[in-house]
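Asks: Going down the list, the protein sequences come from chains A and B.
If you count by the numbering used here, then the first sequence holds residues 1 to 271, one letter each, in order.
If you count by the numbering used here, then the second sequence holds residues 1 to 285, one letter each, in order.
Bear in mind the hints are in silico, worked out from the structure with no lab data behind them.
Fair warning: there could be bad hints in the mix.
[Stated by the list, open to error] Chain A regions said to be covered by chain B (calculated; three or more residues, Cβ under 8 Å):
| # | stretch |
| --- | --- |
| 1 | 23-32 |
| 2 | 96-103 |
| 3 | 177-186 |
[Claimed, not checked] Among the chain A residues that face chain B by a calculated CB cut under 8 Å, a handful are:
| # | residue |
| --- | --- |
| 4 | 35 |
| 5 | 70 |
| 6 | 130 |
[What the hints assert, rightly or not] Distance windows between CB atoms, simulated:
| # | chain 1 | residue 1 | chain 2 | residue 2 | range |
| --- | --- | --- | --- | --- | --- |
| 7 | B | 182 | A | 78 | 29 to 39 Å |
| 8 | B | 30 | A | 197 | 39 to 49 Å |
| 9 | A | 132 | B | 182 | 16 to 26 Å |
| 10 | B | 259 | A | 78 | 57 to 67 Å |
| 11 | A | 161 | B | 182 | 11 to 21 Å |
| 12 | A | 206 | B | 96 | 45 to 55 Å |
| 13 | B | 94 | A | 34 | 42 to 52 Å |
| 14 | A | 75 | B | 156 | 12 to 22 Å |
| 15 | B | 21 | A | 223 | 50 to 60 Å |
| 16 | A | 255 | B | 182 | 47 to 57 Å |
| 17 | B | 259 | A | 73 | 45 to 55 Å |
| 18 | A | 147 | B | 93 | 45 to 55 Å |
The structure displayed is predicted, hence computed values, not measured ones.
Just so you know, even glycine gets a beta-carbon here, dropped at the ideal spot from N, CA and C.
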Amino acid sequence: MLEPFPTRADRTACASIPTPAVELRDLSVFAGGRAILSDVDLAVAPGEILCLLGPSGVGKSTLLKCINRLIDLEPGLDVRGEVLIEGEPVYRPEVDPDLLRSRVGMLFQQPVIFPASILDNVVFGLRHGASRTPRRELPGRAERALREVGLWREVRDRLDEPATTLSVGQQQRLCLARTLALEPHIILMDEPTSALDPRSARTIEELALALKGPRTLILVTHDPEQARRVADRAACVTPGPGGAGAVTACEACDDLLRDGRLEELLEGVIA
Amino acid sequence: MRRGAERLFWGATALCAAGACAVCAGILIATVARGADALSWGFLVRASSSAGAEGGIVYQLAGTLILIATALAVAVPVAVGLALAVSVYLGERGAARLRLALYLWNGVPSVLFGLFGLIVLVRWAGWGKSWLAGGLVLGLMILPTLTVSLAERIDAVPRRYVEAARGLGLTRSRVVTSVLLPQSAGGLVSGALLGLARAAGETAPILFTAAVFSGATLPDAVRESPVLALPYHIFVLAQDSLEPGAATRLWAAAFVLIALVFGLGLLSLPMRLRVYDEARDGGGP
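Between the sequences and the hints, there should be enough to build the whole structure, so can you do that?
Replies: Written as structure tokens, this is what we have:
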């Protein structure tokens, strides 16, 4: 019989990685006294893809936003506990959250294209962000990022055209290129394929697989099959008592998805 | 039943729109018909004479342009600051209070702005009647229109743009300059047009502060340097002149004033359309 809500000791065991790229310790998020996330302990090994699986509204996106402190933009939310990136706590007062965000890339559910040219979109973070990249380096960095996401051949002759002329799948790859241009070690992906057709979704999955290794990826998805295709490990986020999300399992993806174990976890929630 | 109600609603809407268009067209036709005899190139480039009964309106036109340009130069930077305070920097309560103050400000009768200018700028600061005093007063008057229009556009910028930009490491001030202001430029242009249309046609604020009926050309100083202005010119001709020639010139001047406001609207149209297109197409699905 499966325990729907493991003990604290069990959850800490999920976090036993010697030198994690990302580590969450006792992370809780409160909105006006009500917990949205509760006591999350999680460790992500360098170079791996970790999938966060779980039902809608359980706090998976909130969890991602805690890692790059995008959560700071949400008024009225109180974050407690610790987030460490490559061993460094990110919620210390001396940490510059803008610099942190330029080093921890993020891809959203839907592609967010600024009303500007393809080139301007790719170099948007380099030009306006905290990295202060010299102007002469921008075209080279843009080309490298576009090549990395496989867009270079499709757009090299029309870099000055509005980025809105690209298809939605291309736009999502453009957003990934914009993130990669900042050369992040860690990339957070919040259901990046939910707005895409199956073919474009598969392209993003292949890109995720190509990016891991030098980079660590954390991918939020509803789709266990997608997790099976791309993830090294998967964590299941389920609502605990009071509805606050908690990590109830974190293990090798094949183990979590074997023999209906994930379904069992989620059914436990529904029950 | 539902279809009937829909038709009724459509008909009422069309009637309202047609009524508004008919009033505008009526004013335009009446103005052109009565002023047509005086309208010519010479009317635009010659100075007026014989208390407005002869000559043109070149200095009235120049004075009006000087006043509205000054008003814009004063109001735009302040409006940008206030709009950012309302939409970005102030908390919910502070923003609501400032917004309320702006609506109240917008409701102040224009003659009070004129009296404020008379007391503070003309008398207390000792400027006398001056184009700068008039421009400042008009700038103060159109400030809430510009601010509210810009703030509404900033509020309408999709939140996903801000989130994506912050996710790339942009500071809040860089988000303002690189995302919010470029995407709200249309609001500033619309607000400026509404403000300018009002500023160009107002008589009361410049009556005490900047405008004289005759004897002024182009200003060459700040103190004691009044200007001629189209609305004041029309106001005086309408009140005092019994000359038939003056009446024709009055209508011709009124047409030029309408054309000036309309022309400014047309000038800004390409930019407003570009901003509209970008807003419509941008931001993905």
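Asks: Okay, which hints does this one fail, numbers in order?
Replies: 1, 4, 8 and 13
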